[in-house]
Amino acid sequence: MTRVLIRGGRVVDPSQGLDEVRDLLLEEGHVAASSASLADLADAPDIDIFDAFGLVVAPGFIDGRVHLGEPGFEERETLQSGLRAAVAGGYTAVVALPDSDPVNDTRAVTEMLRSSAEALGLARLYPMAAVSKGLRGEKLAELGELAEAGAVAACDAEHTLGTAFLRRALLYAQHADLPIVHRARDCDLEDDGVMHEGEWSTRLGLPGCPGMAEEMVIARDLLLLADTGGRYHLSPVTTAGGVARVREGKASGLALTCEVTPHHLVLSDQEVLTSGFDPATRVAPPLRSADDVEALRAALADGTVDMIASDHRPYHRDHKLDVQFSASPPGIVGLETTVGVCLDRLVGAGVIDVMRLVELLSTGPARVFGLPGGSLEVGRPADVTVLDLDATWRVDPEGFHSLGRATPFAGEELRGRASAVFVGGRRVDA
Amino acid sequence: MSPDRLNVTWGRKDLLGIAELDAAEIGVILDTAESFAEVGTRPIKKVPTLRGRTVLNLFFEPSTRTRSSFELAEKRLSADSLNFSGSGSALSKGESLIDTALNLQAMQPDLVVVRHQHPGVPHLLARRLEAGVVNAGDGAHEHPTQALLDAFTIRRHKGRLEGLRVAIIGDIQHSRVVRSNIHLLTKVGADVVIAGPRTVMPPELARLGVEVTSDVDAALEGADVVMMLRVQLERHQRSLFPTVREYFRFFGLTEERLRRAQEDVIVMHPGPMNRGVEIDSAVADGPYSVILDQVQNGVAVRMAILYLLMVARKEAA
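In order, the protein sequence lines correspond to chains A and B. My numbering applies: residue 5 is where the first sequence begins, and numbers increase by one. My numbering applies: residue -1 is where the second sequence begins, and numbers increase by one.
Please note that a few of the clues may not be correct.
Unchecked claim - Derived DEER-like restraints, expressed as beta-carbon distance ranges:
#1 A:Arg224 / B:Pro240: 23 to 31 Å
#2 B:Ser66 / A:Ala294: 40 to 48 Å
#3 A:Ala168 / B:Gln115: 32 to 40 Å
#4 B:Arg63 / A:Gly307: 58 to 66 Å
#5 A:Ala294 / B:Gln230: 24 to 32 Å
Unchecked claim - In silico contact screen, one side only, chain A against chain B (beta carbon under 7 Å); selected entries:
#6 Glu201
#7 Thr206
#8 Gly209
#9 Leu210
#10 Asp326
#11 Ser330
#12 Pro334
To be verified - Looking from chain B toward chain A, a few residues come up when the C-beta cut is under 7 Å (computed):
#13 His139
#14 Met199
#15 Leu203
#16 Ala204
#17 Gly207
It is worth saying that the hints were derived from the structure and are not from the lab. Backbone N, C-alpha and C define an ideal beta-carbon position, used for all residues, glycine too.
Next up, chain A with everything else stripped away, as it sits in the complex:
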């Protein structure tokens, strides 16, 4: 097997608190050496050199919430298109939701997903299992066997679990050591809402989802968690009230983690108006108020937030974009924009530094899901994302590898992007 020497890059690795220029040797799928200079290796015959001068070398990015269409919705995304999009966007791994058809509620689907993804040789795919059979919120899926087959978490996609069922799930998942990943929202209160309830929904005449609908279910979930134990991951938190609950829950010692999406960090509900009802601003949870955005950014900076996930959710453009706002299914694609948006709008804007961003995109998700990546320590998997902080580029949905085209960032000029990824020590191109 070829060895790779990544030379002269600025290694940013939150798992070791490392931010310095180093050389990195990748061998046999693992990080074999890491030091200020491995120059003596450069002349070895069986070595590929990757010059990273002026670039950031980070542990491979992991997108912790991705909808892939396969199996069942291949018009939206295939494993190949989705994993190519991941690589193009700077990810070495994605965590896939189970809302395929058939639902990933059996060992067979989990194994099929893993082996198909492995055969493609692109980014790694870590499947999430359904919590309930058929995502119906009634009977538990075989979480023990699903975990054995490689599922890294249990999640019923965007469905909110009933109180008694969530309690059972939190208890049962403990033997399989799976976190329960939950989207918190009170559907009764959200009703037919299509955007955040507030001034802008009032102006636009669109039915609104009150932010409280998220916070009250988070509060319920944390009461359950305190009682049951187990691991709970909130996916995502989008409101100031929700952030406050998470902060309290963490302070009281609960095994609680949470994520935010890039769009909730940089766009507010006013975007629906300024974009003229652009369906690419229709997401679930909806874009929130400017105050909520501020609270999320503060939680990002102060460590309350564990990870950033794109919530990549592709649809066929006929269904997503060529319809009126309220008929457009909520969801946008993010695999190919998240890193750029975060570098430009968060790091560039001074909200967080590069070290924290790497933590949110790599170390954080690895910890939440118990994955082997997220670190460039010697002996860890040789999954590496290389960043060019100075490259400026324009978001062009027509050039996406993803089959999805809907993004509220279309046409935006961004500074910073991923310029190379290595998966298991091998350079991978989209």
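Got chain A; can you put chain B on it based on the hints?
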């Protein structure tokens, strides 16, 4: 002034809402409408202004008043108009909006008038069509021509808009009329107070520059203009107020309640009315009511809009 000798220019392709207009543009539309109102008083109520121009009336949602008002305005201006309605056409057969738009484009209309139950549909069509688009009501978002005809009616009765106290009462949440009226009236300097049960009051309404109350009597105090809104019973999938009887008692406009307003108050309603729900017949048919004037003025205002978007805009270009 005869419409044949108007000297105005107009800078917009579409009329999608009042929110994006400024006070000067609103003034241009109202002044132009004055000229067209004269046409309605002639024995032959027709001018050749829009001869050879094609207007498509695209009504995805049922409408009697707005639709016939637009049709009449088109006929009086000698435009050729085509009507599509939600039932019995491709619009009800699942054809996508985009296909509808492309088909319409192929007919090379000069203007498309669109009414749809969802906010933003006129905006979607306006992006896809070369023709101008007039929003004839999109969900609970905007109904700009209604607000313009309301302003025209107020101005004719009061001689001004600025400084008037306007009370708008009823089902605010489901009303596109109220949103367009709030934008228009606040832009021209009227004082607007909004009243109705809290369950049909959308959040943060006060940020639109209006006073908000659930006390109808307080809202009526000293009002120069009272606009009653239709209770949209068909849109109430859940219980937003207990009964029609209770609604009428606490929020309906009666003669007794109206005494709190100015002596020369005018009472308006965009129609269709629910008599005995939001308004007592004694008020609707009484001396203060200008409800039928609104209907009449609607034609003149829509003629002005058709003229501005098709003729004045072209001259400006």
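| said: Check the structure against each numbered hint from earlier and tell me which ones fail, lowest number first. | reply: 12, 14, 16 and 17
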